[in-house]
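Chemist: This is what each chain is made of:
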Amino acid sequence: MELQELYDLMERFSRSGLTELEWKKEGEEIVLRHTPAPVVQAAVAAPVAAAVPAPAVPAAAPKAEEGDLVKAPLVGTFYAAPAPGEEPFAAPGKQVKKGETLCLIEAMKMMSEVPAPADCVVEEVLGRDGEAVGFGDPLFRIRKV
Amino acid sequence: MELQELYDLMERFSRSGLTELEWKKEGEEIVLRHTPAPVVQAAVAAPVAAAVPAPAVPAAAPKAEEGDLVKAPLVGTFYAAPAPGEEPFAAPGKQVKKGETLCLIEAMKMMSEVPAPADCVVEEVLGRDGEAVGFGDPLFRIRKV
Amino acid sequence: MERRSASATPCSGFGRCKGMLKRVLIANRGEIALRIIRACRELDIETVAVYSTADESALHAQLATRSLCIGPAKAADSYLNQDALLSAAKATGCDALHPGYGFLSENPDFADRCVEAELKYIGPSGDVIRKMGSKAAARTLAQQAGVPVVPGSDGPLHSVEQAKELAGQVGYPVLLKASAGGGGRGMRQVDRPEDLESAFQAAQAEAVACFGNGEMYLEKLVLNPRHIEFQIMADTQGHVVHLGERDCSIQRRRQKLVEESPSKALTPQLREEMGAAAVAAAKAAGYVGAGTIEFVLSPEGAFYFIEMNTRIQVEHPVTELVTGIDLVKEQLRVAAGLPLSFTQEDIKVNGHAIECRINAEDPEQNFRPCPGKTEFLHLPGGPGVRVDTALYSGYEVSPFYDSLVAKVLVHAPTRLEAIRRMRRSLEELVIEGYPTNAALAHLIMHDAEFVRGQYDTGFLDRNLDKLLELARTCDKLTASEST
Amino acid sequence: MERRSASATPCSGFGRCKGMLKRVLIANRGEIALRIIRACRELDIETVAVYSTADESALHAQLATRSLCIGPAKAADSYLNQDALLSAAKATGCDALHPGYGFLSENPDFADRCVEAELKYIGPSGDVIRKMGSKAAARTLAQQAGVPVVPGSDGPLHSVEQAKELAGQVGYPVLLKASAGGGGRGMRQVDRPEDLESAFQAAQAEAVACFGNGEMYLEKLVLNPRHIEFQIMADTQGHVVHLGERDCSIQRRRQKLVEESPSKALTPQLREEMGAAAVAAAKAAGYVGAGTIEFVLSPEGAFYFIEMNTRIQVEHPVTELVTGIDLVKEQLRVAAGLPLSFTQEDIKVNGHAIECRINAEDPEQNFRPCPGKTEFLHLPGGPGVRVDTALYSGYEVSPFYDSLVAKVLVHAPTRLEAIRRMRRSLEELVIEGYPTNAALAHLIMHDAEFVRGQYDTGFLDRNLDKLLELARTCDKLTASEST
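Chains G, Z, V and U are the protein sequences, given in the same order. Numbering-wise (the numbering used here), the first sequence opens with residue 1 and increments by one. Numbering-wise (the numbering used here), the second sequence opens with residue 1 and increments by one. Numbering-wise (the numbering used here), the third sequence opens with residue 1 and increments by one. Numbering-wise (the numbering used here), the fourth sequence opens with residue 1 and increments by one.
Hints were generated in silico from the structure; no laboratory data involved. Where is the CB? At the ideal position from N, CA and C, for every residue including glycine. Do not take every clue at face value.
According to the in silico footprint, chain U covers these stretches of chain Z (three or more CB under 8 Å from chain U) [to be verified]:
{"hint": "1", "stretch": "68-78"}
{"hint": "2", "stretch": "106-112"}
{"hint": "3", "stretch": "125-135"}
Listing some non-contacts, in silico: residues in chain Z with all C-beta distances to chain G over 12 Å [to be verified]:
{"hint": "4", "residue": "PRO84"}
{"hint": "5", "residue": "LYS98"}
{"hint": "6", "residue": "GLU100"}
With these hints in hand, go ahead and build the complete structure from the sequences.
Modeler: This is the structure we're talking about:
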C-alpha cells in the first residue's frame, strides 16, 4: 500500500464510524483504531526485518512510490532495445502512450513485451540491459501525464 | 518512508480523529497513538531481549520491595534456629530489635549471624531451613517499626 | 592424517576445483536451499537463490551469491513454476540446477527441460526419475535385478477381481497402492476379503483426484515392519556405492519424525545383504547421483524393496554424520562429471547418529501446522550437535510451505550416548512464537521401547496418546515449579 | 559399529553410570560452564551453576539443574571467592567441583581446599598443580623425565650476573621469564648483553607486582617457532594417553586466536616423538585428568618442553573433533575414579579441525574489549560445524570478564576443506551490538601463508597491519555495494 492509499483509507475509516480496522496482506499490516478503548496490541506480530542477518542482502533495487514504477511481470533477462545496437524503447524523458512497449523480457527463449500502464513520461530506467530481473523488480520509474 | 512522509502522515493522523494507527510494511513499522500516549514509535527495531531461553530459570525467589527484604550477605546454608529442634530466631509476627539475630548462615563450617537491619516485625520467612541460599537471596520480609 | 586427500578434489586453497560447476541455481527454499549453498560455498561454486514474494527475507535468499524473485507466494506460481526457474537460471548464467527435495525434485519432465536448456540437472536423468517414479515399473526393475520385493501384483491391476484373487494368494492383510501415490494418499490397508472392493474404489478415486492417475497395485502387508532405507551414491563412470542404512520407522502417518543410523535391527550380515541389494537396484536403474532405496524389514529379518527416491533426502545428514561424507558435495561432483571421491571400501560407519525433525505444528491439535513469527530462537550447540535450519530470531515461518523448521542432529560413539546427547540438545532448543513437536521428540528419546531400539513403524501410532499425556503432565509440573 | 562401546561407560539409557559423580558444582561461567553442563547432562550428573550478580541472566545459570548467586560482579568477590564457592558446593550437596579454565583452575590451594571439604576436585591434585605451576620445577621435572627443554637456567637465577653468564653460554637472543608468570607478564626478550640488566630488573619488578613472586629464570629464545601442544588424559589407575597435538601458533601478544589439529609442521615420526615426550612428562608429574604439554618447535624440527597446563584448555574441542573423544566426559569419569574409556591404540586422528576464537573486541582500536548487548545473533550451522558459546540474542556481554564470546569450530576430511568450511562459517556468523575479531579471523583463512600452513608464532604480528588494511578495504567495498 502506498501513502496516498493509506490517506484515503484513513479518511474513509474516520467517516465510517468503525472503531477498529486491521488489514494484513502479503507481509503488510495495517491497524486503525478510533476510540481509546481497548488498546489491543495483539496485531503487532512484528518487528520483522531490522534484525535480519547481513550477508549479501538481495539487492533491494531503489524503491519509490508504487504508482510511479513499472515492475517486471516475470523473471527473465531485461532488454531495453528491440535488438543489440538499436535505440532503446524508452529512454529517460521519452513520452509514451499507454500500451506502448517499454522493454522486453526474455524467458524460455520467448520475448515478452512490457507495455506502459498509462500515458506517461519515462523518468528513469531501472533495469540493466541484458541482465536478469526478478519477478516484481522495478524496471522503470514513470510519471503519468 | 522518509521523514517528510512521516510528518505528513502524523498531520493527517492528528486531523483524522483516529486514536491509533499501526502500519507495517517491508520491515518498517509505524505506530501512532493519540490520547493515552502521543508517542511516535517509528521504525521499531525491537531487540528481542526479554525472551531469554526458558529451561530451569534460576529460581527467582519472590521479589518484593527492596526496603522490606533482608537479603543473604553470603552464600551458604540457611538455619532458622540456633540448633535443630530449637525455636527459630524469628518466626512470622515476631518483633525484633535492630541488631538482633534473624538467622544463621553456614559457610565454610562457620556460622554467620544475620542481624536485623532495624527495629522491625518479621512478616515472612523466605529462606528454607537447612537449604542453600545464594548471595543476595531474600531471607525475610520485614516491616520496620 | 588428511584422509582421502589423494582421491578427493584436487583443489588449491583458492578458487574452484578443475572441472567443477561454476554457478548453480537452487530451485528450492528453506533449510535444504541453505544446505546446498553451504556445499557450493565450500567448493567455491557461485549460487543463485530463487525466492517467492513471501520469502523475501528468507535466509537462503540472503546467503546465496545472488538471489532473484521468481513469483508470488503460492508454490505453483514460484517454486513449482518451471518456466520461471529455467528463465532465472539462464538469465543469471547458471550452468547447473539443484532441485533439493520436494517441489520439482522428482519431476522427470523438469529434469529433461533442464538438460534441453543446457543446464546440468543435479540428479539422475529424466528417464531414470520417470522409471523409478512408477511404483510398478520400479518393482519390476528390482525383481529383474534379483532384489526381493513384497509379494503382490507384478504390474498394474486390471480389475477388482484380479486384486481379490491375488490377495487370496499372498494372504491378508494386503495393501492397495496407487502407482503414482505418495505420502499415504491413494493407499488402503485391507484386512478381510469382503472389504477389498470398496477399499479399491476409494483408493483409486483418491489417486485420480490427487495424482491424475488411477493405476493401482496390491501387495502383502508386512506386519510390524521397520522402514529401512539405504543411501546410494553413483557417478557417471558407473561406480555405485551404498553408505549404509537409516532407520526411519518413527513415523506419524508416514511422515518421518526421527531417523537414525545404524539401525538396531540390522546384523552386519543383514546390512551387507541389504546394501548389496540396494546397489544392485541402483545399478539396474542406471542410477546417477544421490538416491535412496527404501525397504520394509519384517521382524523375522526378511527385507523387501519398496521404492527408490531419486533425490537427496531430508534425513541425509544422518548418513553424513556416521560416514563423514558430504553427500551434497558429492552430488555436485557427480553432476560435474567427476568420479565419486570414495569407494565402497572407504565407507566406514563411525558411531551413531540421530535426527529429530522439528516442525512448526501443534501436537495437541492433531499436528495442525502453525506458522508464525520466531519471537526467540536458541539452538543447541557444543560437541556432536548439528543443526540444519533456515530459522533466525525474528524470522516469520510462512503458511505457504512446509512446516519443517529445523533438523536437530547428534553424533556420538554409541547409540545410548547419542540418545542422551539428543535429550540435552532438545532441552537447549528454544523456539518461541509458535508450537512445535520438540517436546514430543524429547519424550520419544526417553521412551523405553525407543531406548532399547525395539520399535517398528507402528511405534508412534501406538504410543502417541501416552506421549502426549506425558507432555501435558510435564508442562503442568514445569508451570507449578516456576510459580 | 558402536565403537568403543565395550570399553565405554556401562550405562543404561536411564540414570547415571555406576560409580559416577552425582552432583557437580561448576566454578566458572561463560561457554566453558556450558560445556561442562552439557557433558554432565549427557552423563545424568546434576549440575550446580554459580553466578555473580552481573551474570543473573547468563545461560549457564539457566541451563544447570540448579544455580546459586555467589557474590557481586567483581571476579574477586564471586568466581575467585573460594569460601563462597566451597560454601555453595556444600550447601547444595555437591560431591565434586569442576574449575573450568581461568579463575581458580590452576590454584593449588583451592584444589587442596576442595579435597579437605570432601569435594572431588576435577583436575590433578594440588601438589601436581603446584609443581607444574612453578616453571622452574616443571622444567626440572621434564629434564629428569628425559624430555628436551630449551637450553637455559636449570633453576631460579640467583643474580643478574648469573643470567649474563648463562646468556653468553646459550647465545643471544634469550628470554627472561618469571617463574610464576603467565600471559606474557614478567617476561622479556633480550637481544644484546648490554640490555640484560635493565630487562631483568623490569621483568622481576613486573613479576613481583603481578604474582607476588620475583623468582626468575632464563632460556634461549627459539626464533620463528611453532607453538605446539599435546593433549593428555590420565586416570587414577596410572594410564596416560596423548590425543595428538594442536598447533596454536596464530597468536597476538601470546593470546591464541586460531588453533588447528593436526599441525602441518609435524611428520608422523615427529608426532610420535613429541607425543611420547608429552606422556613421559605427564607420567613424571604423576598427572591425573586432562592436561596439556606445551612445546616450542623450531623450524628445524627441534622441540622443547615449555610448560604444562593443568586444566582443560579453551581449544580442547579441536582435539575432540579429530579424535571423537569427549574430553570433559573423560574428566568426569577420571574424577569419579573410573579408568579412561580408551587406550593409546584407540586414538585415531580423523580429518582436520580448526577453531577460531571470536572475541568482543575492536581490532581497529588495538583490540580493546567491547562489551555490549547482543542485538542480533546468528550462528553458523550445517555439516562439520560446532559452535561453543554462551551467547543468545539479547544477551549482554559483561565488562567484568573475558572478552571471548564464541568458539567457531569446523571439522572436515582435509585441511583445505576445513579452511573453506571455516570461511563459510564465519560468513554465516552474525553478531550485532559490538565489534568482534570475526572479520580478522576470516581474512586469516584467506591468507596465503596460512593456507599453505607455513606460519609460526610471529605470523600475526608480521601480518596484522596488512590484514587490518584488507578488512577496511572489504568494509568499504561492502558499503559501496549496498548503496
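Chemist: Now tell me if each hint is right for this structure.
Modeler: Quick rundown of the hints versus the structure:
1. 68-78: holds (count 4)
2. 106-112: holds (count 3)
3. 125-135: This one holds; 5 residues, not fewer than the three required, reach chain U with a Cβ under 8 Å.
4. PRO84: holds, 54 Å
5. LYS98: Check passes; 47 Å lies beyond 12 Å.
6. GLU100: holds, 50 Å
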